[in-house]
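**Q** Each chain, written out:
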Amino acid sequence: MSYQKNILMVSTRLAAVRSRLPVAARSAKFVPLLSNRFYSKTTPKTIAPLFTVSRNTPSTSLSNVRGRRSYINGSDEETPEGLRYTEEHEWLALEDGNLAVIGITGYASKALGDVVYVELPSVGASIVAGEPIGAVESVKSASDIYSPVSGEIIEVNEQLDKKPGLVNAEPYRRGWICKILIKDTTELESMMDNNRYQTFIASS
Amino acid sequence: MKSPEARRALASFPGFGITASRRNKSRDTIATPFSFSFRRQSNSSTTSKQKKLYDLEVYISRSRSPYFNLSYEDYLFKRFPAYTSYTASSTQLSKKILFLYTNYRSVIIGRNQNPWRETNVQSLRRHNVPLIRRKSGGGTVLHDEGNVNYSVMMPGNSFDRDEHALLLCTALNAVFRQRGEETVLSVNERHDIVDQKARKVSGSAYKLQRGKAYHHGTMLLNSRLDMLSKLLHHSVDSRLESVEGPGVQSVRSPVSNIGISDELFVNTTIAAFRREYTTSSDNAFRVRYVDEDSITKEEEQEINKTIDELQSWEWTFGSTPKFVHRFLVGDSTPAVSFTVKEGTILDLESNLPEFMGYKDSIIGTAYRGADVASRIDSERWKQRLIEAI
Numbered sequence: 001m002s003y004q005k006n007i008l009m010v011s012t013r014l015a016a017v018r019s020r021l022p023v024a025a026r027s028a029k030f031v032p033l034l035s036n037r038f039y040s041k042t043t044p045k046t047i048a049p050l051f052t053v054s055r056n057t058p059s060t061s062l063s064n065v066r067g068r069r070s071y072i073n074g075s076d077e078e079t080p081e082g083l084r085y086t087e088e089h090e091w092l093a094l095e096d097g098n099l100a101v102i103g104i105t106g107y108a109s110k111a112l113g114d115v116v117y118v119e120l121p122s123v124g125a126s127i128v129a130g131e132p133i134g135a136v137e138s139v140k141s142a143s144d145i146y147s148p149v150s151g152e153i154i155e156v157n158e159q160l161d162k163k164p165g166l167v168n169a170e171p172y173r174r175g176w177i178c179k180i181l182i183k184d185t186t187e188l189e190s191m192m193d194n195n196r197y198q199t200f201i202a203s204s
Numbered sequence: 205m206k207s208p209e210a211r212r213a214l215a216s217f218p219g220f221g222i223t224a225s226r227r228n229k230s231r232d233t234i235a236t237p238f239s240f241s242f243r244r245q246s247n248s249s250t251t252s253k254q255k256k257l258y259d260l261e262v263y264i265s266r267s268r269s270p271y272f273n274l275s276y277e278d279y280l281f282k283r284f285p286a287y288t289s290y291t292a293s294s295t296q297l298s299k300k301i302l303f304l305y306t307n308y309r310s311v312i313i314g315r316n317q318n319p320w321r322e323t324n325v326q327s328l329r330r331h332n333v334p335l336i337r338r339k340s341g342g343g344t345v346l347h348d349e350g351n352v353n354y355s356v357m358m359p360g361n362s363f364d365r366d367e368h369a370l371l372l373c374t375a376l377n378a379v380f381r382q383r384g385e386e387t388v389l390s391v392n393e394r395h396d397i398v399d400q401k402a403r404k405v406s407g408s409a410y411k412l413q414r415g416k417a418y419h420h421g422t423m424l425l426n427s428r429l430d431m432l433s434k435l436l437h438h439s440v441d442s443r444l445e446s447v448e449g450p451g452v453q454s455v456r457s458p459v460s461n462i463g464i465s466d467e468l469f470v471n472t473t474i475a476a477f478r479r480e481y482t483t484s485s486d487n488a489f490r491v492r493y494v495d496e497d498s499i500t501k502e503e504e505q506e507i508n509k510t511i512d513e514l515q516s517w518e519w520t521f522g523s524t525p526k527f528v529h530r531f532l533v534g535d536s537t538p539a540v541s542f543t544v545k546e547g548t549i550l551d552l553e554s555n556l557p558e559f560m561g562y563k564d565s566i567i568g569t570a571y572r573g574a575d576v577a578s579r580i581d582s583e584r585w586k587q588r589l590i591e592a593i
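From first to last, the protein sequence lines stand for chains E and Z. The numbering used here numbers the first residue of the first sequence as 1 and each following residue consecutively. The numbering used here numbers the first residue of the second sequence as 205 and each following residue consecutively.
Take the hints with a grain of salt, since some may be wrong.
Pairs of lysine-lysine, DSS-like flavour, derived with a Cα cap of 27 Å [stated by the list, open to error]:
id, chain 1, residue 1, chain 2, residue 2
1, Z, Lys339, E, Lys179
2, Z, Lys339, E, Lys162
3, Z, Lys545, E, Lys162
4, Z, Lys434, Z, Lys339
5, E, Lys162, Z, Lys526
6, E, Lys163, Z, Lys339
7, Z, Lys586, Z, Lys434
If you're looking for bench data, these hints aren't it; they were derived computationally from the structure.
Here chain Z stands alone, though its shape is the one from the complex (with noise of 0.2 Å):
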């Protein structure tokens, strides 16, 4: 394996900085569940490269909505400059944007994921969870106050999927070591950030553009652990329904808090940065809160539409990859399959009487719980399927 610094400076790659190391790695979004993988001890980012500086900006946010915090994270990453081998300027810094935010008790699921699959629909309802699909691709989350999510924003050409966490894990450590705990953060080979006993505290998504790319992830703190297996699938009884299809799938690993305050992980977080990406001297940096209220009418024009897109229907269910839906009786025999396409129903598959007979009805219509219920007549069926739509 190679080291940090020398993963570092193949990930100066041009466009995309992948670490070349990781090609041949098995998939990682295969489901092997507790995957113990090689853990990477974090080490000083500044010892042997030279520090490689950024106009570095920081924003926090006070609103606890998913829907602002997301749409505010994309509008700060459509604002942020695409530097492309034409716009490469050796004489300005490239910028950086570190932004936190935090979310009330939400489900956030990657951008080619299935909900049907990932989440326990009828949970969410019955606990009023929102179920919202990020723009970013990996897996399936849960967001509560007890848990802080940063994202960083860099240029295409310095994309790194470690170097961050790597950064994030050093500041902590010296954190929990001057507080007398035993925990030591390392990053492991799915990306994710692992404890002493191989416990996620974070996950992180990507997404990149032309010329930029942006890192978010989470940080358990304080979250209510076990709330997760309510509201994620592999509670739902599996004799019960089952979801067939191509897309991203969860990787289901152990997980834990790290136990300090918000406030310690913020601060810790953007003293960290700006040690590493500015230079002591920077007396005119500051720190941005936004909310709801403190941005601009034009800034709330654009991020009401990014708000309105991840509130519909047709992007958190709709844009759903090709799938089959079997719902099953008794001994796990499938008694309907609905075969579901960017939301509607393509195909009916029964031998039930209850279905058979309407099935030219149901098949074009959207794949929403009313919609299907209002096209049959059983009662038990319609209830069951208002739920588990």
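In isolation and in its complexed conformation, chain E is listed as follows (with noise of 0.2 Å):
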């Protein structure tokens, strides 16, 4: 009974004690932050699988302690090495040389709030630098979205039809919007990197 009960302590400790974790660290495999007067007496096999959540995927016992599935707390809170953002928020991914992988930074997305719909463009447009490719709608606001290229849509992803809490999810994963071939890559010069951009979201 009370081997029960302390099971019990210790899962909802455990949550409380992850929630308050950086993001990196919940996904560990062991939070070491129990006192040894807790862990000691509760070592059986059941609290392993409390343990072991996916990175990519939002924790299944978080949002039951939260009642909810939250998206925008999901797991892509920093900002990627090796791509090139913009000022609008954009992120770019160089592909083969000159295809370019476009969507919006995880900034971007948490202050839009839940992406419920985004306009893709279309395959085979002819797009320049500057130019709108489509837009966000987020809580009742339509937020354009630039190419910070020129070349040709070869590729949208069709996932944001069914599933436009990509976005917001995994903006630099299966959020990404659209991939563009690109004719001048002088244009990526005058992109920032990620220290750049970093700098860019803390002093404005």
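Taking the hints as your guide, dock the two standalone chains into a single complex.
**A** Put into structure tokens, the structure is as follows:
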């Protein structure tokens, strides 16, 4: 009886502790913050599943505690290295030298709120840098997205039709918006790298 | 819940300036009937913060045409300067535009909505009410001459969803107090203005572009609310049709008029904006009246282009997100369903002989009643499709 009570105490305490951890540590296999006093009494394997949280999916145990899946506090808080950024909060990743993948940053998607619809550009359209390539709707607001480069749109992320929330949950992974075949790589030089973008966000 | 002052401090985030406290709230556009959310009382906005001044321009439209008014609004927004970090100037005041307009009876849907789902297309035709898709997001509203619309354009880094709604609430509440009426307005979590009985009197929608943004909303003064149920889709028998697909869905709310005259509302609004955003010594301030006759030739060209776009079928109906439209018979069995994308029929599913033979000729046509009806033989279905599509 008291054994079960201890498990319950540990599990709720774990949830409370983990919700205060920085995101990166939440997905750690082992949370070393409990005092030995609790842990030594309750070592059985039933505790183990609580620790195994995949980095890519929102934690189901946490969502049970809060009662709701929280897309905004997803796993992409930090801006990845190796991407280029614009002052309009778009990111660009370069594949194979001249294929640019475009999306909006986690900062932007958090500021916008829950995205309910993404207006995608048409495949084959010819784009000039600075032109709008679609829009994102969230909380009654339609926000235009701009292309940082010129080129031709060769692919759009069809997943966003059914799951616009990917822009919030995984802005750098499955929430990408479109892929553009660039003609002129010099346009990339005027974009910011990760450090400059972080400075830009912090200062403005 | 953070106080409006704290929220406004948070709202000075760059670029989007969204209330950070809102981020984890539930989705605004899920259809929950009569959502009674937490209501925020309006607060005097000039008490504890330094007044931010703007170069305020006020426009009032004399036209009742929703096409002209929405196009003029779009024109003002195109002309509005984009305040990006490299154009920021600390010496010159940023611009703020207030545009007030009234439309004759029309149904206005949000940019990413599905008109067949949100409105009763048949009923709109019967009552001769135009359907217009606007460029901002949000849900479906019915405009008529008892409703005055306000549109506020602001620099991108001072975008705030509630600031102007709260300002209006403060100003209007003073008017109600003076008149001895018991109406008290406040802004709810969905950024609507509601009265003391949680009935919606104003809905809002927003548009954000590089460096600038606008917030526009309705204000129900003396509107014919009975027409809502006839024209918007809640009344159509869901045993007859169903629409499935992504796109923004409207959230139904009980509504109410606030019962003051157009003139009083307009004057109160302009006075409130002047008090809040300009210094009292600004004698050069004037209200500009616009209509179809008072605009210049160059303006007219641009505005007419937008009017044409708003009136086109491609923008109004053709730009609907991909959806499946099912027509049901008898005991809600699906008789025929059309899969439509970008206004063109992608696929047709039916077990009725009236459609099966013509499947090839129907797929690929525009999703317009007359076009589809001309490709089938059955008189009964021709009639039904012409009315409903």
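**Q** Would you mind marking each hint as holding or not holding in the structure?
**A** Each hint, compared with the structure:
1. As the CA atoms of Lys339/Z and Lys179/E are separated by approximately 25 Å, the hinted pair is consistent with the 27 Å bound.
2. Taking the CA atoms of Lys339/Z and Lys162/E, the gap is near 22 Å; set against the 27 Å cutoff, the hint holds.
3. For the suggested pair Lys545/Z and Lys162/E, the alpha carbons sit about 14 Å apart, so the restraint of at most 27 Å is met.
4. Among the hinted pairs, Lys434/Z with Lys339/Z is consistent with the structure: their alpha-carbon atoms are about 25 Å apart, no more than 27 Å.
5. With a CA separation close to 10 Å, the supplied pair Lys162/E and Lys526/Z stays within the 27 Å bound.
6. For the suggested pair Lys163/E and Lys339/Z, the alpha carbons sit about 22 Å apart, so the restraint of at most 27 Å is met.
7. Taking the CA atoms of Lys586/Z and Lys434/Z, the gap is near 24 Å; set against the 27 Å cutoff, the hint holds.
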